[in-house]
Amino acid sequence: MKPHSALSLLTLSLCLGFSAPVLAQQTEADAPLTPQSPTGPVPPALAPVPNVRLYLASLSLVRYNPLGLETQNRLMLQKRLFDSESMLLRDTFIGGGLSLKANPAGVKVGPLVEFQPVAMFNLRAGYEYSSYFGTLGFLQSYPNSLADFSDDARDLTEDSAYSTSGHHFFVEPTLQGKVRNFVLRTKFGIEYWNVALREGGNGTFYDALLDTLVPGKGWVFTNDTDLLMLASRQWTVGLRFSAVMPRYGQAEGVTVGNNSHMRIGPMAAYSLNTSEGTLFNKPTLLLITGWYLKHPSRVEAMPYVLGAFAFSSDLLGGD
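When you line the sequence shown up against mature numbering (1 follows the signal peptide of the UniProt record, and there is no 0), it's residues -24 to -1, 1 to 295, in that order.
I should point out that these hints are in silico values taken from the structure, not numbers from a laboratory.
Pairwise CB distance ranges (calculated):
no., residue 1, residue 2, range
1, 72, 134, 34 to 42 angstroms
2, 40, 105, 27 to 35 angstroms
3, 65, 291, 23 to 31 angstroms
4, 143, 213, 34 to 42 angstroms
5, 96, 119, 39 to 47 angstroms
6, 143, 91, 17 to 25 angstroms
7, 283, 174, 28 to 36 angstroms
8, 160, 139, 37 to 45 angstroms
9, 72, 45, 25 to 33 angstroms
10, 112, 283, 16 to 24 angstroms
11, 132, 255, 44 to 52 angstroms
12, 177, 244, 36 to 44 angstroms
13, 197, 249, 33 to 41 angstroms
Just so we're clear, the structure is a prediction, and the values are computed from it rather than from any experiment. Note that the Cβ used here is the ideal one computed from N, Cα and C, for glycine as well.
Based on the sequences and whatever the hints tell you, model everything.
Okay, here's the thing in structure tokens:
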């Protein structure tokens, strides 16, 4: 990507979601435009990519419909794969680290690995130990996937929430490409959950981040697809499509619920500055809105709204 026309991949990845999410971290520093030569503009020089990089990435978000408040943080050590100035191979790396997500109702912590062999493909995999405090109506579980998990229904049964824990495994492949000032990115999530529920392995529970009934032992598939325009060095605007598709074990003759949902809507990100390689890289404000195309209880005029603040800190390998 040309440094004068793009936000860092951190900002673009924030636009991919949070179950996610969305967050490739190797970046190209923004450089000022150079004066035009007699034969045309001279491309700005690319900042050197560190061979080894240690960084902290932080995202704090607030959400409405459904309500949510969470901070997501990752400490990652990253190794550059190829010493190449090719746009295809320059931004390639392998890395690993630790992820921590916390909110008033629970915490998730675990290891994370990330691999980007070419600029157009990123693969992330990880494990999270998930602990639920039993506060604010979380965690609530049900004997099957047919239960009413709407906001009103969960408010009525808030006192039935209990503390428990479980395991969450995920793999997230991402495809991404850029043509001029337009970026297309799609991230797929393949998740396996194993949570200790009162109802046992055939039960389900409501997960606020996924906003659906998750099988106590089973799979959830997700997708976030973004079409973005890099309007300036600081502004990114675009459109996001999101989908969540839980899969429940189906015994013969037993009906299961269809609790998948989809939404689409505009989004915008603004970087307060475009610094790179520092302890406070590209502090960014993010706004995502969306209207539900399909949902068991949210197909209405009221939109989904998410606001977030993100930044990263280079601890090794920066300027």
